[in-house]
Amino acid sequence: EAEVAQSPRYKITEKSQAVAFWCDPISGHATLYWYRQILGQGPELLVQFQDESVVDDSQLPKDRFSAERLKGVDSTLKIQPAELGDSAMYLCASSLEGTADTEAFFGQGTRLTVV
Amino acid sequence: AQSVTQLDSQVPVFEEAPVELRCNYSSSVSVYLFWYVQYPNQGLQLLLKYLSGSTLVESINGFEAEFNKSQTSFHLRKPSVHISDTAEYFCAVSEIQGAQKLVFGQGTRLTINP
Numbered sequence: 002e003a004e005v006a007q008s009p010r011y012k013i014t015e016k017s018q019a020v021a022f023w024c025d026p027i028s029g030h031a032t033l034y035w036y037r038q039i040l041g042q043g044p045e046l047l048v049q050f051q052d053e054s055v056v057d058d059s060q061l062p063k064d065r066f067s068a069e070r071l072k073g074v075d076s077t078l079k080i081q082p083a084e085l086g087d088s089a090m091y092l093c094a095s096s097l098e099g100t101a102d103t104e105a106f107f108g109q110g111t112r113l114t115v116v
Numbered sequence: 005a006q007s008v009t010q011l012d013s014q015v016p017v018f019e020e021a022p023v024e025l026r027c028n029y030s031s032s033v034s035v036y037l038f039w040y041v042q043y044p045n046q047g048l049q050l051l052l053k054y055l056s057g058s059t060l061v062e063s064i065n066g067f068e069a070e071f072n073k074s075q076t077s078f079h080l081r082k083p084s085v086h087i088s089d090t091a092e093y094f095c096a097v098s099e100i101q102g103a104q105k106l107v108f109g110q111g112t113r114l115t116i117n118p
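Protein sequence lines correspond, in order, to chains Z and Y.
Counting from 2, one number per residue, gives the positions in the first sequence under this note's numbering.
Counting from 5, one number per residue, gives the positions in the second sequence under this note's numbering.
Any given hint might turn out to be false.
[As the list claims (entries may be wrong)] In the BS3-like style, the derived pairs of lysine-lysine whose C-alpha atoms are separated by at most 25 Å in a straight line are:
hint, chain 1, residue 1, chain 2, residue 2
1, Z, 72, Z, 16
2, Y, 73, Y, 53
3, Z, 79, Z, 12
4, Z, 72, Y, 105
5, Y, 105, Z, 63
6, Y, 73, Z, 79
In case anyone wonders, no lab produced these hints; they're calculated from the structure.
All of these numbers come straight from a predicted model, not from anything done at the bench.
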């Protein structure tokens, strides 16, 4: 069964260091999302891609976060420098079209701990 | 902008008992409504969704949710729960127009006790 792949599953980093997460969406899915889920809260959208273009990055802290999807397939989310408050689960999701009624499929996430 | 409130952060129930997980939303525009489930150590999975038509929607594993526009609610129910239903449940909305942008509630942790 096709699934969204994320790596690493867990990451511990020291504050002020750089960290990167990788996501491979389901084959053929044009839309890719990165969400952040802080412990005890629901996921919040950070950035949405349609193919290689950013559709929405209004909630992405652009001073330290960056995201790219160069060939319109897999994607990387980077944080530099990491801060203690960045500790969270980072979820990647993909959907076939990205319209409001289309199901989004989520990966297992990368749990980041900043120490 | 939209917001979603899940009124219970944790719900413990006994196996085979009924359960209701409450969800209220706020939006100035029309929205689609979703329930996602997150089993331990797994990603979120779509449980059910309301797009249009009948206000009562069902999942394949016995859950149902009813869209109530006047009360802006989308409560999730199951008449008899199983141990395997232990998970975190997230209610979410998305504006009908434009690209999907899911706005999630805080989640409700459902714990089934034998």
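- Query: Does the structure keep residue 72 of chain Z and residue 16 of chain Z at a Cα separation of 25 Å or less?
  - Reply: Roughly 30 Å separates the two Cα atoms, so the pair is violated.
- Message: Run the distance test for residue 79 of chain Z versus residue 12 of chain Z: straight-line Cα separation, threshold 25 Å.
- Response: 13 Å, holds
- Message: Does residue 79 of chain Z sit within 25 Å of residue 73 of chain Y, going by the straight-line distance between their CA atoms?
- Response: 40 Å, violated
- Query: Taking 25 Å as the top limit, are the C-alpha atoms of residue 73 of chain Y and residue 53 of chain Y close enough?
  - Reply: Status holds; Cα separation ~15 Å.
- Message: Tell me if the straight-line CA distance from residue 72 of chain Z to residue 105 of chain Y falls inside 25 Å.
- Response: 23 Å, holds
- Given the proposed pairing of residue 105 of chain Y with residue 63 of chain Z, does the C-alpha separation stay at or below 25 Å? Holds. Residue 105 of chain Y to residue 63 of chain Z sits at ~19 Å (cutoff 25 Å).
In summary, the numbered hints that this structure violates are 1, 6.
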